[in-house]
Amino acid sequence: EEKPQFPGASAEFAERLEFIQPNVISGIPVYRVMDRQGHILHPSEDPQHVLLLEHVINMYDPPNTCYLHVWLLTYTVSTCVTPGTCYQHVLLLEHVINMYDHLNTYCVLMYRGYPLDLFMAQCYGNSMDPGKGRQMPVHYGCRQRHFVTISSPLATQIPQAVGAAYAIKRADANRAVICYFGEGAASEGDAHAGFNFAATLECPIVFFCRNNGYAISTPTSEQYRGDGIAARGPGYGLLSIRVDGNDVFAVYRATREARRRAVAENRPVLIEAMTY
Amino acid sequence: RRGLAPPAATVSQVTVRDALNQALDEELERDERVFLLGEEVAQYDGAYKISRGLWKKYGDKRVIDTPISEMGFAGIAVGAAMAGLRPVCEFMTFNFSMQAIDQVINSAAKTCYMSAGLIGVPIVFRGPNGASAGVAAQHSQCFAAWYGHCPGLKVVSPWSAEDAKGLLKAAIRDDNPVVMLENELLYGVPFELSEQAQSKDFIIPIGKAKIERQGTHITLVSHSRLVGHCMETASVLAKEGVECEVINMRTIRPMDIEAVEASIVKTNHLITVEGGWPQFGVGAEICARIMEGPAFNYLDAPAVRVTSTDVPMPYAKNLEDNSMPQVKDIIFAVKKVLNI
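Just so you know, the sequences run in chain order A and B. When you line the first sequence up against full-length UniProt numbering, it's residues 1 to 276, in that order. When you line the second sequence up against full-length UniProt numbering, it's residues 1 to 340, in that order.
Rather than coming from a laboratory, the hints here were simulated on the basis of the structure. Don't take each hint at face value.
[As the list claims (entries may be wrong)] Listing some non-contacts, in silico: residues in chain A with all C-beta distances to chain B over 12 Å: (1) 6; (2) 29; (3) 133; (4) 147; (5) 197; (6) 266.
[Unchecked claim] Partner residues aside, some chain B positions facing chain A, computed with beta carbon under 7 Å: (7) 71; (8) 314; (9) 316.
The structure displayed is predicted, hence computed values, not measured ones. C-beta: ideal position from N, C-alpha, C; glycine also.
Throw the hints in and build the complete structure from the sequences for me.
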């Protein structure tokens, strides 16, 4: 049997003309742990972590939805991020991780203990702001908590996160980078470059994409025609998964495993969290 | 029979936003090759509502919402222009055009020259430029100097509603790539639009400045929003007996330096006022050209530039206000040049 011997790809020969049809009707399945009533479907998938339960209760407790305060300010990015995609998946990432965030997931910084006072100071740009009033509201950053300051242009954090992951790989065997972005930002050229470099440079990075169906008013039907962001991952050589972003346990399990493998195997992982 | 008295010339108050909207509407109607593309321009009516109502009126083929990739849609627009369409490519702000600048410069600006005139790129890149209010470093940069630097591009910078409408129509009808630098804070400002300016064929020639206010003691040259600051400065100083001549450049490239020279022959003093940073700015270019030309002999004092402070724009209001030229800064510069 003859086999192709091209440097660019490793495959079999095909003798019939057939185009690969993009599969958007039944694409990559959405991993979930709970059903719509909140019951755990398979005990083997249950994270069963006591600490997790405590945080779940805190998360749904109204006083913690402090992003409501942020809406009162002149500028904010209203977040449709559901609890599943903000708190829980970073809960038990024990080792230090550098975080490259964007406008909608500042709750991860909140979880790391960044005081509410400093959040508000940043939004007001007052004298208490560690950023000294230089940045627009919701552009938080905290060196001690390894949360890289948010930057406005979309998707620029993706190649930067990859670069940081590369540096971390060379310096320390047990750390990773997590990079958050929306499905709209994934259309930017930087996202393409970031994914490609993460794979070719073998970086310990978790790409976390929040897909909420809209970029301002642009629906996903106008943002892309493929099977979302998860389907792009294999194209770049990334380990990829799609999860139910509203399912706290699913997001937690996926992110935990992603982080473990990113560090153990020095490879990038892509998680696409579906939400509204 | 008694004849009817002719109707009085109707002047109306029109905001810059509505003037731009009218210009787009009229040009979309006039030439079916014209189309608008960009982020949020269709269903959302435009991030700043400049294209309000246009998608409803002209549909998907003429007003197109793009995915979030400036380099992507600028490239597509350039390709469409090369193939015979006349795109109007909107950047949500020109700060984001940096993601696409290779397409604007290397593909749009240089192609006519590189192809010895065989391939034209009749495209308009437009959007808000320069500082707004409270949008900090990555949303406040002025790109007049950056784009004004490149041969192959025309660069316009309107101030009033009349400027906005006339220049946008001229830009769309121009067969060259044109960068139109609008200003977000001007969008909501109403200006008088003369009856002539309200007509569907009203265009302002690219490359011609306008004298907004006559004066005899000093020439103030500016563009975009700061023309308004210069007008205010002139009002304040008129009470002190200093008559400022205010020139609205309207076009950055090709620059109407003759208008500035003619004014200096009259006033003998010059200051330039811009929202951009001082180094390598529009004011620097004006001063250089004046020195190289005949008007130098008519200057009684060195020209002075009034610009933004040489820092990335901060967010906090007090810091932001002090980073941009204010009327008091222009007054100070005038008095310094006039030695009063």
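For each hint, the structure was consulted:
no., hint, verdict
1, 6, "29 Å, holds"
2, 29, "25 Å, holds"
3, 133, "3 Å, violated"
4, 147, "18 Å, holds"
5, 197, "17 Å, holds"
6, 266, "29 Å, holds"
7, 71, "5 Å, holds"
8, 314, "5 Å, holds"
9, 316, "3 Å, holds"
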